[in-house]
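Guided by the hints, dock chain B onto chain A, whose structure is given.
From first to last, the protein sequence lines are chains A and B. Counting from 1, position 241 in the first sequence corresponds to residue 241 in the UniProt record's numbering; the numbering is continuous, with no gaps. Counting from 1, position 17 in the second sequence corresponds to residue 17 in the UniProt record's numbering; the numbering is continuous, with no gaps.
Be aware that a few hints might be false.
Copies of the same chain are indistinguishable here, so a pair counts whether it falls within one copy or spans any two.
Pairs of lysine-lysine, DSBU-like flavour, derived with a Cα cap of 35 Å [claimed, not checked]:
{"#": "1", "residue 1": "55", "residue 2": "28"}
{"#": "2", "residue 1": "28", "residue 2": "296"}
{"#": "3", "residue 1": "55", "residue 2": "296"}
Simulated from the structure, these hints should not be mistaken for laboratory data. Source: prediction; values computed, not measured.
Protein chains: 2
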Amino acid sequence: MAVYTEVPDEALGAFLAEYDIGTLLSYKGIAEGVENTNFILHATTGAYILTLYEKRVAEGDLPFFLGLMEHLASRGLACPQPIRTRAGAALGRLCGRPAVVVSFLEGVSVRRPGTAHCRALGSALAGLHAAGADFAMRRPNALSVAAWGPLFAQAEAQADRVAPNLAARTRQDLAALEGAWPTDLPGGVIHADLFTDNVFFLGEAVSGLIDFYFACTDAFAYDLAICLNAWCFEADGAYNRTKGQAMIAAYQAERRLEPREVAALPLLCRGAALRFMLTRLVDWLNVPPGALVRPKDPLEYDRKLAFHRRVTDAAEYGWSAPGAA
Amino acid sequence: MAVYTEVPDEALGAFLAEYDIGTLLSYKGIAEGVENTNFILHATTGAYILTLYEKRVAEGDLPFFLGLMEHLASRGLACPQPIRTRAGAALGRLCGRPAVVVSFLEGVSVRRPGTAHCRALGSALAGLHAAGADFAMRRPNALSVAAWGPLFAQAEAQADRVAPNLAARTRQDLAALEGAWPTDLPGGVIHADLFTDNVFFLGEAVSGLIDFYFACTDAFAYDLAICLNAWCFEADGAYNRTKGQAMIAAYQAERRLEPREVAALPLLCRGAALRFMLTRLVDWLNVPPGALVRPKDPLEYDRKLAFHRRVTDAAEYGWSAPGAA
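With the rest of the complex left out, here is chain A (with noise of 0.2 Å):
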């Protein structure tokens, strides 16, 4: 979380004069994004958000990174929405990198959501299914199970010097995911990295979601899954299963999931919690001298993995049928 870019007042002025977005009034480096540099943008017509994608975003990917926030906001979805340059551009350069204008949402990040959250949660992430149902680009999902063995290779040497034996679990968790992975469920545009820190809320009210830059298409229940990891776990490592049951019904009640996608929740959400362990292993044994950014910890998935191995029934993760009692 750092401001990676200096960008000179006169390089800004000069980018922003091709935006109808009136006089820029302030801007402020801003400590949130990874993988980016981000700025709030103060001017006469309102709040927006300058980023310059360093190099972590491939720029290949752009296209449908900024295609998707402008489908979604068309659609009514609380999501940053591309401003176009007077030439009709969505993309621009500044300082050597590509860059957007994006408007400003309103909202806080929620670090210890309660049980309201969930369910606002649920609701916003099948939302955000449905409207992303009729977008017509596709990206494949880069981090999935085809890249957990190359990622655990990275790793694989190195890893009992994180956690005692984490090598060995890691290639159970493998075997069992690479041989069951299922390839048929229902899917589109998913989110792919639904943290708590990319969703917004006024009260307990969805207010925006951010940070499309994971986005790709691949199976709805996974993207749940991811947000069953990242949200229905306490600090203590528990599954919150109250937690759990209030974000799934309030998905249901916007899309049923269909038997096999419950069928498969268990390991949809084995499969997650192992996809963000290897990345943060990764990154965890690969801190680069003097990084601005500390890695986040592999092991608060290695705990999660203990539970999702030990789950059979969807049931234990808070689903039921919908209008059972």
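Chain B in isolation, oriented as in the chain A frame:
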């Protein structure tokens, strides 16, 4: 420039409940302020800055800084205005740190000020000196001439690693300044750190002065000398007399410099340059491993000192008697 302290939403909510600023809409950590952690807040009543004071600001000095900002704002100066809680407190505590909420000022810092900016700054500086005239509190300048010897003592042994003969040059400056430093010049509250990043503009008009955490009681002309150093040198190291002339003339339009101030100006400019060279040099030689802040270059001020050593007359800075052709 970093967010040193993470502020959870629950802690912020409890803190802000004491203030009459309406409902919190959003907050973002901003990459501004070398000394403190700052957030931009949007609330239903407008935008604010939340500052958490990290250890480099002495807590005992906060009543002076906050009292000064309140005083200046009440005199109509565009500076951050501390917001008081319902109980009347300007200073609170958040996440174990002293913390304040101040009004947000629109405006953009100009990295390469033009002559019009220097003119506007001269006028704003005189306005600051006038607005502070009846401020009752006093704070000695902890970084004036008496501090330079001890600062140099911390760096002397390693100074020549930074530039050849830097130690010898600095010894000569110290000797020249310590013997001749004026102590009887007109004075009062000065900002003492009015670099371009502490001044906001809307167009060519000053819209705000910020960062009063070096403010103290000292000679007015020394504040002007700091600004001439910070604003009127070009990137190639040359002093721009046109800019100096614009700044000094605009200052004098509000408050005419006395003959003894004019006579002292070369010495004051040299002293101001030495002060920033020395603090930068000490910081440069003491960068902690893993530091988030890149130290500023002391040699920028070493080059300015080379100019000041040769100046014998305030006219070389662009001073002329008001009313002279």
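Identical-chain pair category, residue 55 with residue 28, by Cα at 35 Å: both (21 Å within a copy, 23 Å between copies)
35 Å Cα threshold - placement of residue 296 relative to residue 55: both (20 Å within a copy, 26 Å between copies)
Identical-chain pair category, residue 28 with residue 296, by Cα at 35 Å: Answer is both: 26 Å inside a copy and 20 Å across each meet the 35 Å cutoff.
Checked against the numbered hints above, the structure violates none of them.
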